[in-house]
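> Please build the complete structure, drawing on both the sequences and the hints.
Here is what each chain is made of, one letter per residue.
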Amino acid sequence: MNRKSNSSTARVSRRAVAAGLGAAGILAGTSPFNILRAQGAALKVGSLLPRSGFQAGIGQDCQRGVDITNGILKELGYRELQIMNADTESNVDNARAQAEKLISEGAQLLMGAFDSGQSTAIAQVAEQKGIPYVINIAAAPPITEQGYKFVFRNFPIAPVILGDAFVNQKEIFAATGSAPKTVAFLHVNDTFGTAMKNGIGGIMPKHNMPFTIAETISYDPAARDLSVEVAKAKATGAEALLVVSRLNDAILLTRELVKQRWSPMAILSMGPGWYEDQYLKTLGKLSDGPLSFVPWYDPNKKVAKMLEAALAKASPGVNMNTNHVYTFEALLVAADAYKRAGSTDPKALADAIRTTNIIDNVSPGPGIMFNEKGQNDKLKNSAIQNRDGKLVTVAPKEAANAKVEWPLKPYDKR
Amino acid sequence: MIAALFEGVLRHGLALLVVLFAALLAAPYIVNSYLLAILIIILYYAYVGQAWNIMMGFAGQLSLGHALYVGLGAYTAAALFVKFGLSPWIGMLAAIPVAMTAGAIIGFLAFRFRVGGVYFAILTIAFAEFARVGFDHFTWVGGSSGFFLPVANYTTSDLWTLRGRPVMFYYLILTMVVIAFVLCRILLRSRIGTFWLAIREDEEAARAIGIDTFRYKMYAVVLSAGMTSLAGVFFAFYYNNLFPEQVFNIARSIELILAPIIGGIGTLFGPILGAFLLTGLSETMHAILQGLGVDVPGAKQVFYGLCLLFVVMALPDGVWPWVARKLGLGGRKP
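Protein sequences appear in the order of chains A and B. Position 361 of the first sequence, counting from 1, maps to 361 under my numbering, and the rest follow consecutively. Position 320 of the second sequence, counting from 1, maps to 320 under my numbering, and the rest follow consecutively.
Note that these hints are calculated values from the structure, not bench results. This one's a predicted model, so the numbers in the text were calculated from it and none came from an experiment. Keep in mind that a hint or two might mislead.
[Claimed, not checked] Below, computed lysine-lysine pairings styled on DSS-like, alpha-carbon distance capped at 30 Å: (1) B/K326 to A/K129; (2) B/K326 to A/K197; (3) B/K83 to A/K373.
[Unchecked claim] Only some residues are given here: those of chain B computed to face chain A with a beta carbon under 8 Å: (4) F21; (5) A23; (6) A27; (7) F243.
All C-beta atoms, glycine included, are put in the ideal place defined by N, C-alpha and C.
What follows is the structure, given as structure tokens:
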């Protein structure tokens with residue numbers, strides 16, 4: 001076999017040249033059709049999410065956003081995307097390997113991966129291969145500070161999330177004409193909680209807040225009883241609670257507040273837990289009232305309503321949240337870039353993403369657009385409040401769909 | 001010297017070793033970038049497994065906190081690079097003594113006060129956890145927000161700064177595996193190796209025949225810690241980001257020791273075979289499930305767990321002794 005092919009390359013006959021020219025002619029003649037076909041084919045998007053491992057719950061929630069995207073894209077006049085799912089297993093090693101795998105299987109754009117470490121690992125592969133990568137959720141600033149050409153992020157960075165939280169708190173205080181003078185700061189002492197505590201310590205003084213922190217109380221994420229912590233917070237005489245929690249401890253804290261008959265003026269949450277579906281379902285009426293300051297969505301936007309309807313149909317009983325919104329928007333960026341680039345060429349796609357200007361989007365702010373670093377720095381965060389098992393947006397005013405209920409309704413009067 | 005290294009190795013064993021080495025050398029020219037990434041992971045776990053094997057496989061001291069040394073190596077070299085522009089090779093020279101000192105402290109506390117077995121294992125976990133919490137608050141290297149090494153799109157590879165393409169990292173980790181393998185072979189055939197094996201088999205008896213068990217166990221811990229720290233340097237410069245929660249996590253420590261456990265504790269080829277089997281099995285599962293159109297998150301891990309269960313139950317000494325027997329290479333644990 002090899003010998004035959006070797007001889008044919010060694011001695012090129014006139015017949016072979018003619019056949020070759022003929023074949024070249026046929027190829028040249030049909031190549032415009034090939035280009036058309038390439039344009040007609042769906043864009044292959046590699047979706048990298050932590051669907052197993054310790055971040056599985058969040059990864060699977062993000063996947064809900066992926067699953068409802070194509071229907072909405074179609075309604076918005078975009079081409080459907082060919083989604084290639086990969087599981088990072090909540091692991092940085094696997095995130096990198098899966099990114100390589102998706103690219104080797106033909107992914108033309110990558111999306112994911114919820115976590116900053118995993119996203120950094122994927123970003124390196126994407127940059128090396130020249131494949132555009134749109135980050136759905138990851139807040140560590142350095143990812144878009146590396147001078148990457150193919151990496152884009154439509155999610156606020158950590159200092160912006162914290163800064164906006166204080167801005168929204170002040171807006172609420174101004175709207176209600178009332179503000180706490182002191183707060184007790186309760187935070188979980190895991191990586192996230194510690195980072196938030198440090199961030200709050202650094203950013204809060206710049207915002208000239210009307211309250212001071214009476215006491216900072218940390219607790220273990222695996223704590224089964226938070227009675228001491230709540231008693232300690234209550235004893236400070238603080239008017240409100242500032243909290244950085246996870247789901248389990250948010251439920252424990254609420255139960256303790258009820259047991260210890262303490263209804264602070266407000267519960268201001270700077271993280272997850274207090275607005276999660278499980279919190280609402282577990283606590284029923286007792287879940288009403290806490291305010292969470294998070295990257296959210298503008299419920300007044302048309303596409304937000306479409307996304308909400310699609311999610312309600314696909315996953316009844318699941319409230320739309322950050323995971324769905326920003327995963328959808330990352331895919332929206334991909335579909336929009338493909339539409340404008342008219343090609344799956346990675347460079348053309350990256351160039352198209354760079355000039356993204358999507359006004360019909362879901363997240364608060366003017367829309368999706370990227371600065372020279374590939375970061376959407378126009379994103380705004382929201383203040384949301386639990387109300388009758390649902391979540392309403394109360395700040396900023398331009399992205400709100402309800403007025404804040406202030407102060408917190410006492411637990412014994414519900 | 002080289003002849004002494006291969007002394008006692010059967011001819012067909014040597015041939016297999018040469019074929020394996022040649023295949024690994026040629027791999028970057030044959031496999032695609034995905035498989036290259038997988039091979040890098042395999043070799044990484046083979047190397048760390050080999051380093052851990054010195055402590056557990058040779059000297060019989062169970063460490064469940066080896067992520068500590070990976071993390072210390074990673075943070076030391078990365079900090080020197082980012083803050084002072086020092087090459088990771090110089091970083092390695094700093095990382096090794098840092099990890100060795102940590103190993104020496106743990107070893108001293110444990111062996112001086114006769115803490116052994118599972119209690120020693122708990123001590124190693126405790127130190128890894130201390131480090132995790134400590135680095136969470138160590139803002140000079142990013143604290144819990146993570147420490148990032150600057151990266152760019154590299155078209156060439158710079159071995160001095162370890163900034164470059166995956167193929168450079170592949171050959172680097174392959175070299176590390178080969179050196180670790182050779183070093184372990186030399187150690188096993190030396191006096192110190194014999195003492196370690198004696199301690200592993202029966203510490204009281206070893207002490208009774210005059211072996212300074214405290215000293216030799218300390219050698220094992222310190223050497224293992226130093227070697228593991230080099231894996232940390234590799235990890236930092238390959239992945240370019242470090243989060244205490246990920247680097248020092250107990251789950252990371254468990255991952256590091258699975259390869260030698262599956263491959264065969266105390267054997268030279270165990271960690272290498274174990275790493276190939278574990279990662280290979282994992283990727284094969286993934287491919288099979290993908291081929292069947294099954295997209296259930298975690299399904300791979302369930303199959304993976306069942307296969308591990310089978311290996312542990314059917315081959316309690318690990319896979320390598322069984323393979324070695326089948327290949328006529330002996331296969332007895334040293």
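> Taking the hints in turn, state whether each one holds.
Hint by hint, here is what the structure shows:
{"no.": "1", "hint": "B/K326 to A/K129", "result": "43 Å, violated"}
{"no.": "2", "hint": "B/K326 to A/K197", "result": "58 Å, violated"}
{"no.": "3", "hint": "B/K83 to A/K373", "result": "23 Å, holds"}
{"no.": "4", "hint": "F21", "result": "23 Å, violated"}
{"no.": "5", "hint": "A23", "result": "20 Å, violated"}
{"no.": "6", "hint": "A27", "result": "14 Å, violated"}
{"no.": "7", "hint": "F243", "result": "5 Å, holds"}
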